[in-house]
Amino acid sequence: MENKISHTEHRDDTASKMGMWLFIFTELLLFGGLFIVYAVYRSKYSEDFHVAANQLNTFVGTINTIILLVSSMTVAMSVTALRTGNKSLTLKLLATTIFFAFLFLVNKYFEWGLKIDHHLYPGSELMLTLKRGELLFFGLYYFMTGLHALHIIVGMILLIVIYRKVQNGRLTKDDNALLENGGLYWHLVDLIWIFLFPLLYLIS
Amino acid sequence: MEVSAIDNSFLKHGTKYKGILGWLTSTDHKRIGLMYMYAIMIFFVVGGLLGGLMRLELFRPGQDIMTAQTYNAVFTVHGVIMIFLVVIPGLAAVFGNILMPIMIGARDVSFPKLNLFSFYIYVIGAILAILSQFLGKGAPDTGWTFYAPYSTDTNTNVVAAVLAAFVLGFSSILTGLNFIVTIHRLRAPGMTWFKMPLFPWSLYATAWIQLLATPIVGITLLMIIAERWFKIGFFDPNLGGDPILFQHLFWIYSHPAVYIMILPAMGVITEIIPTFSQKKVFGYKAIVFSSVAIAAVGYLVWGHHMYTAGMSTTARWFFSLLTFIVAVPSAIKVFNWISTMYKGSINLKPPFYFTMAFVFNFMIGGLTGLVLGSLATDIHVHDTAFVVAHFHYIIFGGMGFAFLAAIHYWFPKIYGRMYNNKLANTSCAFIFGGFTLLYFPQFIIGMQGMPRRYFDYLPQYEWGQVFSFFGAIVLAIGVIIMLFNLFKSARKGEIAGPNPWGGKTLEWTIASPPTVENFEEIPVITQGPYEYK
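Line by line, the protein sequences are chains Y and S.
Counting in numbering that gives the first Met the number 0, the first sequence runs from 0 upward without gaps.
Counting in numbering that gives the first Met the number 0, the second sequence runs from 0 upward without gaps.
Rather than coming from a laboratory, the hints here were simulated on the basis of the structure.
It cannot be assumed that every hint is accurate.
To be verified - Capping the alpha-carbon separation at 25 Å, the derived lysine-lysine pairs in PhoX-like fashion look like this:
id, chain 1, residue 1, chain 2, residue 2
1, S, K532, S, K284
2, S, K532, S, K503
3, S, K112, Y, K164
4, S, K532, S, K421
5, S, K348, S, K230
6, Y, K130, S, K491
7, S, K279, S, K503
8, S, K342, S, K279
9, S, K348, S, K279
10, S, K11, S, K136
11, Y, K86, Y, K164
12, Y, K114, S, K230
13, Y, K16, S, K112
14, Y, K43, Y, K91
15, S, K194, S, K503
16, S, K112, S, K278
17, S, K112, Y, K172
18, S, K230, Y, K107
19, S, K230, Y, K43
20, S, K194, S, K112
21, Y, K114, Y, K16
What the hints assert, rightly or not - One side only, chain S facing chain Y, incomplete, derived with CB under 10 Å:
id, residue
22, T181
23, D241
24, P242
Glycine residues also receive a C-beta, built at the ideal position from the N, C-alpha and C atoms.
Using the sequences plus the hints, can you model the full thing?
Given below as structure tokens:
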């Protein structure tokens with residue numbers, strides 16, 4: 000019996016990078032919807048937003064910004080490292096990136112945890128006693144940072160997969176499109192945070 | 000040669016697996032397209048049955064077969080299934096997948112695995128949509144638009160339905176992304192942008208809308224879930240939100256979504272008319288640019304859904320103007336179709352009849368769209384059966400008939416067999432007649448004041464509802480004849496040969512059904528796609 004192998008594996012690195020860029024556009028638009036909502040309610044309740052933003056911990060936010068910026072750098076360096084064929088350096092840099100991602104989540108855990116301890120979370124009774132603008136601000140805060148944290152987790156999983164592939168030698172100097180795309184995704188996660196940080200933490 | 004080609008077809012040989020598993024794990028764009036087609040047909044029948052139930056309830060004034068609450072659930076489910084599971088993926092996922100790579104001279108899409116993945120996301124979304132009917136405290140009763148604040152307040156199972164729409168949107172985005180990259184990267188050598196057939200062009204314009212509009216509704220739907228679960232008051236005025244904001248965000252996607260539905264339909268029609276007129280398409284570039292123009296302007300007209308919802312006069316004026324502007328490229332297309340037929344040698348076969356029905360319905364739908372786009376007349380017919388008739392003329396009369404035309408046009412290519420022409424023509428007559436009888440009276444009773452979404456009505460609207468009911472029955476008979484004809488012919492029809500209609504685009508140059516790799520050798524393109532005499 001003849002068994003046809005259906006498709007000869009067809010590789011097109013330009014196509015995969017193009018696909019990734021298009022996907023990044025859709026992600027930006029996804030957050031774009033939230034930025035519109037933020038803009039609308041900030042113009043409507045600017046006082047309340049001001050008051051509420053004061054209660055966010057700018058220090059933790061700053062630390063997390065630095066963590067993400069550095070991790071963006073290490074992932075970019077890992078792309079270059081793989082291009083020059085330096086496998087062990089690539090792995091080290093990827094591991095650092097994943098570690099930073101984890102660190103970001105740990106920080107986020109403490110930040111959220113502290114607020115939840117103060118009964119300041121969506122659905123709590125305290126929230127419903129707040130002024131409308133403050134309520135919306137915290138709602139947006141949890142929603143936007145939550146969605147962002149979800150992207151961090153997805154990014155971590157992606158980077159771990161990439162790490163394994165570099166380790167097994169399935170991603171190499173000549174075939175590194177996946178790592179480049181992973182790097183692009185990680186930059187996106189970083190970029191979104193760069194917008195979230197001033198909008199939520201710094202405008203007080 | 001033809002017989003051996005069929006032995007070698009994608010229908011028989013897919014992956015290393017045999018049988019059903021060979022289909023479910025296949026990354027072949029043609030198999031994926033067919034799987035979409037079967038799924039969509041099932042959902043179409045289910046959605047149609049729900050529509051029939053509504054017609055039965057409306058047959059007489061007063062409560063007949065269901066309570067008001069059930070009626071609300073039925074029209075919601077009908078809308079969710081038809082819009083999200085049938086019409087939006089419809090043409091792009093089925094015929095785009097099966098034919099677009101062939102028409103541009105490629106062996107597959109750029110990301111075959113992602114393509115299969117999109118299909119599975121679609122299946123997951125469909126399962127969620129169906130579960131939403133049975134889980135929790137009853138089927139959602141919000142209408143497919145999920146308008147806040149009702150959707151954040153009602154006790155019914157809105158979250159599952161909203162999540163289903165979100166997941167289906169994700170599938171739509173990935174398909175669009177795949178198509179854009181494929182069209183950029185895999186066109187056959189020599190096929191410049193303006194030598195590309197017009198169906199791929201329409202898919203290209205559609206894919207950009209899918210990509211740029213869908214994320215907005217995605218986030219909006221997530222906000223509904225956040226509001227329901229965590230009481231974040233984005234839209235509920237009691238919690239400080241604004242329901243108008245929901246409507247804006249919703250229609251920023253959902254109006255362009257209408258063009259996701261209709262642009263590929265126009266693309267199909269633009270393929271069929273030159274083939275059955277044996278004439279070069281009139282105004283190739285005008286058709287291309289009008290597709291792009293529809294995609295671009297289609298973004299800016301969402302506000303015409305909200306004239307009565309509370310907007311400034313300037314905004315209403317502006318949205319009305321833009322809505323009129325978007326009618327221009329649509330009209331350009333109709334002119335081009337008619338001009339293509341002028342002095343052509345018309346071949347009156349079933350696909351052409353369906354195409355003519357499309358053009359007829361689409362013109363009625365389009366012109367009544369202007370009635371709704373004008374501020375003054377919209378205020379009068381807002382939320383009446385007139386609106387119902389209008390969008391069914393566009394969505395069913397337009398996209399639906401284009402889908403049927405596409406099935407009858409490409410059927411011999413996909414299965415390598417021919418259907419019974421007489422039965423196909425009969426089914427076309429029944430479907431078109433039933434459709435007209437079903438929806439046209441709704442224009443009239445709508446203008447007289449019959450509200451939409453109501454399960455009861457005043458006696459003076461009864462005549463229209465009775466006509467509609469019998470129209471629905473005629474329509475159903477037509478659909479049954481058509482399905483019977485197609486299913487029977489797919490197995491037993493006579494062998495069709497590679498080019499039964501005398502088409503000139505690339506898909507007619509290869510075997511029917513196509514082989515797994517489509518082309519033995521990738522063709523080199525030297526001339527435009529419609530070089531008829």
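- request: Starting from K11 (chain S), check that the Cα of K136 (chain S) is at most 25 Å away, please.
  value: Violated, because 45 Å separates the two Cα atoms, which is more than 25 Å.
task: With a cut-off of 25 Å on the C-alpha distance, tell me whether K112 (chain S) and K164 (chain Y) pass.
output: Between K112 (chain S) and K164 (chain Y) the Cα gap is close to 18 Å, so the pair holds against 25 Å.
- request: With a cut-off of 25 Å on the C-alpha distance, tell me whether K279 (chain S) and K503 (chain S) pass.
  value: 10 Å, holds
query: Do the numbers back the hint for D241 (chain S), that is, is its least Cβ distance to chain Y under 10 Å?
result: 7 Å, holds
query: Taking the least C-beta to C-beta distance, is P242 (chain S) closer than 10 Å to chain Y?
result: Interface hint status for P242 (chain S): violated (13 Å vs cutoff 10 Å).
Agreement of K130 (chain Y) and K491 (chain S) with the hint, judged by alpha carbon distance not exceeding 25 Å: Measuring from Cα to Cα gives roughly 71 Å; hence the hint is violated.
query: K194 (chain S) and K112 (chain S): Cα distance at most 25 Å?
result: 28 Å, violated
field: Holds or violated: K532 (chain S) to K284 (chain S), with C-alpha atoms at most 25 Å apart
entry: 19 Å, holds
task: Decide if the proposed pair is consistent with the structure: K532 (chain S) and K503 (chain S), CA atoms, cutoff 25 Å inclusive.
output: Between K532 (chain S) and K503 (chain S) the Cα gap is close to 11 Å, so the pair holds against 25 Å.
query: Given the hint that K112 (chain S) pairs with K278 (chain S), does the C-alpha gap stay at or below 25 Å?
result: 38 Å, violated
field: Pair hint K532 (chain S) and K421 (chain S), alpha-carbon separation not exceeding 25 Å
entry: Since the Cα atoms of K532 (chain S) and K421 (chain S) sit roughly 29 Å apart, the hinted pair is violated (cutoff 25 Å).
field: Hinted pair K114 (chain Y) and K230 (chain S), Cα distance within 25 Å
entry: 17 Å, holds
Taken one by one, the earlier hints fail for this structure at numbers 4, 5, 6, 10, 14, 16, 20, 21, 24, listed in ascending order.
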